[in-house]
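J.: Sequence:
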Amino acid sequence: LTKAMENSTQVKFFYLFGLQETFINKSVYFTLSLITYLLIITVNLTLIITIIQQKGLHEPMYIFLCSLCINGLYGTAGFYPKFLLDLQSDVQVISYGGCLTQACVIYTSVTCEMSTLTVMSYDRYVAICRPLLYHTIVTSLTVRKLLLLSWCYPLFISLIALSLTVRLPLCGSRIDKIFCDNPSILKHACLPITINQIWSRCLIVVHVLQVLYIVFSYCQIVRTCVKSAKGRIKFTQTCVPHLLTIVIFMTVTLFDNLQGWNNVNITLKMRNAMAVQFLIIPPVLNPLIYGLNLQQIRRAVFRKCNTHKIIDMRR
1 LTKAMENSTQ
11 VKFFYLFGLQ
21 ETFINKSVYF
31 TLSLITYLLI
41 ITVNLTLIIT
51 IIQQKGLHEP
61 MYIFLCSLCI
71 NGLYGTAGFY
81 PKFLLDLQSD
91 VQVISYGGCL
101 TQACVIYTSV
111 TCEMSTLTVM
121 SYDRYVAICR
131 PLLYHTIVTS
141 LTVRKLLLLS
151 WCYPLFISLI
161 ALSLTVRLPL
171 CGSRIDKIFC
181 DNPSILKHAC
191 LPITINQIWS
201 RCLIVVHVLQ
211 VLYIVFSYCQ
221 IVRTCVKSAK
231 GRIKFTQTCV
241 PHLLTIVIFM
251 TVTLFDNLQG
261 WNNVNITLKM
271 RNAMAVQFLI
281 IPPVLNPLIY
291 GLNLQQIRRA
301 VFRKCNTHKI
311 IDMRR
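So in full-length UniProt numbering, spot 85 of the sequence shown is number 85, and the numbers just go up one at a time.
Derived from the structure by calculation, the hints contain no laboratory data. One or more hints might be untrue.
Result set (DSSO-like, lysine-lysine): computed pairs, CA atoms no more than 27 Å apart in a straight line [stated by the list, open to error]:
hint, residue 1, residue 2
1, Lys187, Lys269
2, Lys26, Lys177
3, Lys12, Lys187
Label-pair distances were calculated between CB atoms; the ranges are [to be verified]:
hint, residue 1, residue 2, range
4, Lys55, Ile160, 36 to 46 Å
5, Trp199, Ala273, 24 to 34 Å
6, Leu141, Phe17, 42 to 52 Å
7, Ser163, Val226, 39 to 49 Å
Glycine included, C-beta positions come from ideal geometry on N, C-alpha and C.
Construct all of the structure, not just a fragment, from the sequences and the given hints.
T.: Now the structure itself:
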């Protein structure tokens, strides 16, 4: 312990080495990243503003969808501005506090998306399997509680993970990724990280339980929907977008976990591509999937666009 403390230093900066293979094509990566980030902001804000302005969309399903889009903006704000700056810099450096903040924001966003998808599966389960009791069970108070839970729970566990990391002295400052995350920081801990590992395993159990609940909910939904043509139509209209969102989120999160395995023999570019998928695909596709599949949102967006066209023509 004494030797570890002697070798430790007060780390003030971290060096991000994830971009070391992209020096030649930095301008291309910058352009693509900027377009992607602007697209994420545009599609998510469009859906959020549409849901807020249209009173007909003030229903639990659309409120949870609005929360999902807000979370997409929140998570990507923790990555893209710093990443775009790094693409314009010769040396990619981030302060100790900035690195912890970025790791906390990204982890909170991922956990919040998982919680929101779980809440949305509960809403769809009650709507389809208990339609007569839906408005009795999913009241406005219940919606507020579920929204509070889906945001406060991720923030709570992220702050605990952050506090467990801050207490550790560090013996290094190199991060082989294009953004900070907790495992990359813990690799440089000079002391045992047993408590952090126990906490991580507990969270993995919670996330697995969430996945199992989603699977259980949709098994019940499918069983109910196959019994009638009306149920199948309702499933296609409201549940297929949610299922697509879940599959996309699970897939890209799995990619990020796989790239963290040290025994996987892949290039740095491939590691970066796998690591950043959950910051690109869900924030872009979630609003598009729901916007294209849900008639109410589609009509509201088109109605709004037509209104703006009429106003411009009159001018």
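J.: Against each hint, give a clear statement of whether it holds in the structure.
T.: Hints, one by one, checked against the model:
1. Lys187 <-> Lys269: Holds - the C-alpha atoms of Lys269 and Lys187 are around 21 Å apart, at most 27 Å.
2. Lys26 <-> Lys177: 16 Å, holds
3. Lys12 <-> Lys187: It holds: about 16 Å lies between the C-alpha atoms, which stays within 27 Å.
4. Lys55 <-> Ile160: 36 to 46 Å: For Ile160 against Lys55, whose Cβ atoms are near 39 Å apart, the range 36 to 46 Å holds.
5. Trp199 <-> Ala273: 24 to 34 Å: 29 Å, holds
6. Leu141 <-> Phe17: 42 to 52 Å: Taking Cβ atoms as reference, Leu141 and Phe17 lie about 49 Å apart, which means the hint holds.
7. Ser163 <-> Val226: 39 to 49 Å: 48 Å, holds
Comparing the model with each earlier hint shows no violations; every hint is respected.
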